[in-house]
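Trainee: Kindly generate the complete structure, drawing on both the sequences and the hints.
Residues per chain, in single letters:
Protein chains: 2
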Amino acid sequence: MKVVLVGAGNLATNLAVALQKSGHTIIQVFSRTHQSAEQLAQRVGASAVTALDQLAQDADIYIISITDSALASLDYSAFPSHSLVVHTAGSIPMDVIPLKRRGVFYPMQTFSRQRIVDFQEIPIFVEATSEDDWQFLTDFALTINNKVYRLSSADRLYLHLAAVYCSNFVNHCYAMSAEILSQHGIPFSVMLPLVDEVAAKVHEVSPKEAQTGPAVRHDENVIRHHLALLDNNPQLQEIYAIMSKHIANDKL
Amino acid sequence: MKVVLVGAGNLATNLAVALQKSGHTIIQVFSRTHQSAEQLAQRVGASAVTALDQLAQDADIYIISITDSALASLDYSAFPSHSLVVHTAGSIPMDVIPLKRRGVFYPMQTFSRQRIVDFQEIPIFVEATSEDDWQFLTDFALTINNKVYRLSSADRLYLHLAAVYCSNFVNHCYAMSAEILSQHGIPFSVMLPLVDEVAAKVHEVSPKEAQTGPAVRHDENVIRHHLALLDNNPQLQEIYAIMSKHIANDKL
Numbered sequence: 389m390k391v392v393l394v395g396a397g398n399l400a401t402n403l404a405v406a407l408q409k410s411g412h413t414i415i416q417v418f419s420r421t422h423q424s425a426e427q428l429a430q431r432v433g434a435s436a437v438t439a440l441d442q443l444a445q446d447a448d449i450y451i452i453s454i455t456d457s458a459l460a461s462l463d464y465s466a467f468p469s470h471s472l473v474v475h476t477a478g479s480i481p482m483d484v485i486p487l488k489r490r491g492v493f494y495p496m497q498t499f500s501r502q503r504i505v506d507f508q509e510i511p512i513f514v515e516a517t518s519e520d521d522w523q524f525l526t527d528f529a530l531t532i533n534n535k536v537y538r539l540s541s542a543d544r545l546y547l548h549l550a551a552v553y554c555s556n557f558v559n560h561c562y563a564m565s566a567e568i569l570s571q572h573g574i575p576f577s578v579m580l581p582l583v584d585e586v587a588a589k590v591h592e593v594s595p596k597e598a599q600t601g602p603a604v605r606h607d608e609n610v611i612r613h614h615l616a617l618l619d620n621n622p623q624l625q626e627i628y629a630i631m632s633k634h635i636a637n638d639k640l
Numbered sequence: 389m390k391v392v393l394v395g396a397g398n399l400a401t402n403l404a405v406a407l408q409k410s411g412h413t414i415i416q417v418f419s420r421t422h423q424s425a426e427q428l429a430q431r432v433g434a435s436a437v438t439a440l441d442q443l444a445q446d447a448d449i450y451i452i453s454i455t456d457s458a459l460a461s462l463d464y465s466a467f468p469s470h471s472l473v474v475h476t477a478g479s480i481p482m483d484v485i486p487l488k489r490r491g492v493f494y495p496m497q498t499f500s501r502q503r504i505v506d507f508q509e510i511p512i513f514v515e516a517t518s519e520d521d522w523q524f525l526t527d528f529a530l531t532i533n534n535k536v537y538r539l540s541s542a543d544r545l546y547l548h549l550a551a552v553y554c555s556n557f558v559n560h561c562y563a564m565s566a567e568i569l570s571q572h573g574i575p576f577s578v579m580l581p582l583v584d585e586v587a588a589k590v591h592e593v594s595p596k597e598a599q600t601g602p603a604v605r606h607d608e609n610v611i612r613h614h615l616a617l618l619d620n621n622p623q624l625q626e627i628y629a630i631m632s633k634h635i636a637n638d639k640l
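Read top to bottom, the protein sequences are chains X and U.
The numbers in the first sequence follow this note's numbering, run straight up by one, and end at 640.
The numbers in the second sequence follow this note's numbering, run straight up by one, and end at 640.
Bear in mind the hints are in silico, worked out from the structure with no lab data behind them.
Do not rely on the hints blindly, as some may be mistaken.
To be verified - With the Cβ distance kept under 7 Å, some of the chain U side facing chain X (calculated, not the full set):
id, residue
1, S479
2, E509
3, M564
4, A566
5, A587
6, G601
7, H634
What the hints assert, rightly or not - Now the stretches of chain U that chain X is said to cover, found in silico as 3 or more residues with beta-carbon under 8 Å:
id, stretch
8, 531 to 545
9, 571 to 579
10, 602 to 614
What the hints assert, rightly or not - Taking lysine-lysine pairs in the DSS-like style, the calculated list, with each CA pair at most 30 Å apart, reads:
id, chain 1, residue 1, chain 2, residue 2
11, U, K596, X, K596
12, X, K535, X, K390
13, U, K633, X, K596
14, X, K535, X, K488
15, U, K390, U, K535
16, X, K409, X, K390
17, U, K488, U, K390
18, U, K488, U, K535
19, U, K633, X, K633
20, U, K409, U, K390
21, X, K633, U, K596
22, X, K535, X, K409
All figures in this text were calculated on a predicted structure; none of them were measured in a lab.
Note that beta-carbon positions come from the ideal geometry of N, C-alpha and C, so glycine has one too.
Mentor: Encoded structure:
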């Protein structure tokens, strides 16, 4: 397929590399920042443009990877009406794109420019308006990997929300742990085997079954003691109390 | 070394296998439950006992891996005074053992009986009362791996507390994510690549630097929207609000 990428950020960079590996041709990269457009375009042998009126009109698919707020204000009249135009945002409905052939191509992962992630492992959630475009987009995603799911905008909102718990909130738990350790001169690196094992476990059993620790054991002594250790740190204490209460309630 | 294990639970099982691999001899396994003692003893070629007065008196080291509450009420007069007696609990002070040659041997990991974990990767925190025993215990731990740290009972409390954030609370975030997904017919397995990448990232950058998502971007629109999606789920909504507030405050 001939692909135009609108955006040159972390997701666009990772996606461009994966698309090229899968045999697609990135014909053009758009970014308002000349350097960003140029840098990614060079990497995948595309041309770089910084104005939407220079957008190539002959691509099979246009993939828009820009911030959520920029998605709402983009000038969609620049896109040809005969091609499929998709965005890659988890929390934005498909209908932000006011075109007949619109869709969503959402690779669910946390992207950094420094780390090229393995697209083989990333589930891709697609959405379109017609059965032909659902099929087109599904086939296109399947050239990258076999973890392709059809998902409506409504359900994708909950998927994105669930991802916040699994990534942002998990990472914040790491950060709180690192903070406690640093106050006692212990490097966070001692936690890494534990971090890895906790992640590995939920590949085999459900998170609910995998739960261990004082809260699920209803070990009030340890919980009270831990809360007392946090007397000088009300923020961490608040999180400790609420998380322990929820784990003990076992409402999930 | 000749080792006696008191306890036959998850940690004792994993430790017994690791000690045997490192060339030590498990001469005896004690458990009040005959079947547990027998099962682990057979696995490592030891004898099984169910009464403390049958405890072998000629081991170099006695390793007690039992519940925190059982540690406090154990009959320590059964142990020979000339040998080192250690426990493996993260949150219990060394002085729970009322013997001259007492110590702590705390392998920080989450253990399940079903999964034999790789002791090569587990940091071991040791404590003793005399420089000779510190050295004895350090050398003993170094036969298992090279991640051996000396740590006082006071600092170990904070280490254990930090581990609760990195394992129990992280796992609860996974569980909340799984709950949201199941309400929308999406399997938790779609999250596993994200789970793995979030864990992999903090091997390279600090958790604070690794933070992404709406809260750290101060994206109030997405946060408000997510909170509204959780209107029927006050527990998850409460966690979402507090975690987002803390991430945005960036007090760490």
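Trainee: Hint by hint, note whether the structure agrees.
Mentor: Hints, one by one, checked against the model:
1. Taking 7 Å as the C-beta contact cut-off toward chain X, the hint placing S479/U at the interface holds, the least distance being around 6 Å.
2. Because the smallest distance between the Cβ of E509/U and any Cβ of chain X comes to about 4 Å, under 7 Å, the interface hint for this residue holds.
3. The closest approach between the C-beta of M564/U and any C-beta of chain X is roughly 5 Å, which is under the 7 Å cut-off, so the hint is satisfied.
4. Contact between A566/U and chain X, as hinted, is supported at the beta carbon level, the nearest pair being about 5 Å apart and thus within 7 Å.
5. Residue-level restraint check for A587/U holds (minimum Cβ-Cβ distance to chain X is 4 Å; threshold 7 Å).
6. Checking G601/U against chain X by beta carbon gives a least distance of about 3 Å; that is within 7 Å, so the hint holds.
7. With 7 Å as the threshold, the beta carbon of H634/U comes within range of chain X, its nearest partner Cβ sitting at about 6 Å, so the hint holds.
8. Evaluation of the coverage hint for the stretch 531 to 545 of chain U: fulfilled, as 5 residues show C-beta separations to chain X shorter than 8 Å, against a requirement of three.
9. Restraint check on the stretch 571 to 579 of chain U versus chain X: 7 residues with Cβ-Cβ distances below 8 Å, three needed, restraint holds.
10. Restraint check on the stretch 602 to 614 of chain U versus chain X: 8 residues with Cβ-Cβ distances below 8 Å, three needed, restraint holds.
11. Pair hint K596/U plus K596/X holds up; C-alpha atoms about 27 Å apart against a cutoff of 30 Å.
12. Restraint check for K535/X and K390/X: satisfied, since their Cα atoms lie roughly 22 Å apart, inside the 30 Å limit.
13. Using a Cα cut-off of 30 Å, the hinted pair K633/U and K596/X holds, with the two alpha carbons roughly 26 Å apart.
14. With a C-alpha separation of about 26 Å, the suggested pair K535/X and K488/X falls inside the 30 Å cut-off, and the hint holds.
15. A hinted pair counts as satisfied when its Cα atoms are at most 30 Å apart, and K390/U with K535/U qualifies at roughly 22 Å.
16. Distance hint between K409/X and K390/X is fulfilled; the C-alpha atoms sit about 13 Å from each other, no more than 30 Å.
17. This hinted pair checks out: K488/U and K390/U have alpha carbons roughly 20 Å apart, not beyond 30 Å.
18. Distance check on the hinted pair: K488/U and K535/U sit about 26 Å apart at the alpha-carbon level, within 30 Å; holds.
19. Under the criterion of a C-alpha separation no larger than 30 Å, the hint pairing K633/U with K633/X is consistent with the structure, at around 19 Å.
20. Distance restraint check for K409/U and K390/U: the Cα-Cα separation of roughly 13 Å lies within the 30 Å cut-off, and the hinted pair is therefore satisfied.
21. Proposed proximity of K633/X and K596/U is supported: the alpha carbons are some 25 Å apart, at most 30 Å.
22. Proposed proximity of K535/X and K409/X is supported: the alpha carbons are some 17 Å apart, at most 30 Å.
The earlier numbered hints are all upheld by this structure, with none contradicted.
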